Amino acid sequence: MRAVSQSRFRWRHAKNRIAMGLSTLAALFGLFWLAWILLTTFINGASAINFKLFTEMTPPPGDEGGLLNAIFGSLVMVGVGIILGTPIGIAAGTFLAERARRSKLGETIRFVNDILLSAPSIVIGLFVYTLIVRQTGHFSGWAGGIALAFILLPVVVRTTDEMLQLVPNSMREAALALGLPQWKLTTQILYRAASAGMVTGVLLAIARISGETAPLLFTALNNQFWTDNPANPMANIPVVIFQYALSPYDSWHSLAWAGALIVTIFVLFISITSRALLARRRHGND
Amino acid sequence: MINQRAATGSAAFHPLAGLRATAQAASLTSTSRDNEVIKIEAQGLNFFYGKSQQLRNVSLSIPQERLTAIIGPSGCGKSTLLRMFNRMYSIYPDQTATGSLILDGQNVLDPGYPLSRLRNAIGMVFQKPNPFPMSIYNNVAYALQHHERLSRQDLNDRVEEALRQAALWDEVKDKLKDSGLSLSGGQQQRLCIARAVALRPEVILFDEPTSALDPIATSKIEQLFYELKSQFTLVVVTHSMQQAARVSDYIAFMYMGELVEFGNTVQIFERPQDERTSAYITGRLG
Ligand SMILES: Nc1ncnc2c1ncn2[C@@H]1O[C@H](COP(=O)(O)OP(=O)(O)O)[C@@H](O)[C@H]1O
Ligand SMILES: [Mg+2]
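As you go down the protein sequences, you meet chains Z and G in turn. First residue of the first sequence? That's 126 in the working numbering, and the numbers climb one at a time after it. First residue of the second sequence? That's 415 in the working numbering, and the numbers climb one at a time after it.
Chain Z on its own, in the form it takes in the complex (with noise of 0.2 Å):
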């Protein structure tokens, strides 16, 4: 008998370690590429770092020179992107949660903006050239700037949606039994009880919208002048890193290698910025 149930604990044992072992591996090998691609960033985005990045102009090919009309287009065209999606995402998130919270309307809208929050960003690209470039019959930032509020519309929408539908109902009809409008409680009560949840819903959609080539490839093109014009074609970095990657030149490798790693941390401070936001909210509400 006890040899029996010794043996049996020995086997459960034994189960464990293995699975407990394979799930490890499993989580360093995802964590092994992941360190290697942001390793090689670091090391080569580094050595490419200098103050001429953030002075000049994307040079001609094979010649030295900066990235500033790519910085500047792509917080142009990421800052288009946040203002026309952000409002539109929140009042839509809005409706969808105090008004549309289980009727066929709302439940359609949120198939809806899960489509196109998962529609391949190359769609999205399409679809503004479509609209817009062909319309118009030129590249714009205007264009990118399009482009890219569609991506962050519907991430907008979603964490607005569940960040609203988070807040209990118990403060809706505190404010309500307080003789308080509607308008009211949605603008000074729920917003503010959602905010840490909605803000971290744009920061996401913000470095999901900074790193996207795709679209702006059909919209905003790129522009090796300086422009601060978006109704012109713009520079923006992730199609210059695109370019300059492809190219033969070495010079213009080094760019685009800076390029990615000013991405990389700009992404990398707003996933931070957003996780201490949530976290310290978290603590703040015990």
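Treat the hints with caution; some may be incorrect.
Which residues of chain G face chain Z? A partial, calculated answer using Cβ under 8 Å [stated by the list, open to error]:
(1) 502
(2) 544
(3) 548
(4) 557
Everything labelled a hint here was simulated from the structure, so no lab data went into it. Because the structure is a prediction, the values reported are computed rather than measured. We put the CB at the ideal spot given by N, CA and C, even for glycine.
Use these hints to put chain G with the ligands onto chain Z, whose structure you have.
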């Protein structure tokens, strides 16, 4: 058991000491309830969740500046009845009510009666403390500012007055800018009372206001009832008969969606008229 406590309670600590006073005061009026000024007259109330009727022909008169407790087993319709007084149900489209609730000569169930005025006149405190995600000061000031135009000084005075009435001022006067969520559960519930009191309502509704609180916090709230009813008409849903015995002047006993019996507290506990009432107060029911 409870009868005995109601009749002979003489302990020095406040709730029971108060109980004796209540019992005496109540027995004075027991012969003629008509001596009371009636604040709200409910006639023929029916309530429906969709098609399912949960209140049947409820009529009762709520006396002014008294505490009326609504008691009865879980699911008998206490909250449903309470939520008719401020038309809280009207935020849910599938809930409907018929009958009339006369406050100062007007039927508040009439869709023409303005909700904002109704909820200014009738405040509500919920089962779980639900302060807004804002500072202690703003929790009290926010709805007040919505209903009344006040100078900074007047607003400060009104906030202090409300916090004093809720017996919270001494505990929070040095940290009015702290989040309302940083308070303990009992303090949060008193903050919710202050928030309701600040609007100077005529009636305050409480839905099991102490069921989420510990005994000490509960007894603080029960003491508070004594002070509040010198100015306000209180309607308190409670599932605790002991609490009803300690704090109420009148009791409405509900069973399966009907009002079985309404009377002053001493009469209900000593000479219940209905078999179901005596079964409930002796613990043989629900
Ligand atoms: N939102 C709702 N939808 C449908 N039925 C409900 C709803 N709320 C309460 N009820 C039903 O109405 C009855 C009375 O509920 P309630 O007034 O909450 O009881 P109490 O407060 O006395 O415990 C119960 O049978 C309950 O199941
Ligand atoms: Mg209830």
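Next item on the list: So, residue 544/G near chain Z? Judge it on the closest CB pair being under 8 Å.
Entry: Status holds, d = 4 Å.
Check: Would the hint on residue 548/G stand, with a C-beta cut-off of 8 Å toward chain Z?
Finding: Where the cut-off is 8 Å and the nearest Cβ of chain Z is about 7 Å from residue 548/G, the hint holds.
Next item on the list: So, residue 557/G near chain Z? Judge it on the closest CB pair being under 8 Å.
Entry: For residue 557/G, the interface hint holds, since the closest Cβ of chain Z sits about 4 Å away, which is under 8 Å.
Check: Minimum Cβ distance from residue 502/G to chain Z below 8 Å?
Finding: 6 Å, holds
Figure legend: structure checked against the earlier numbered hints; every hint is met.
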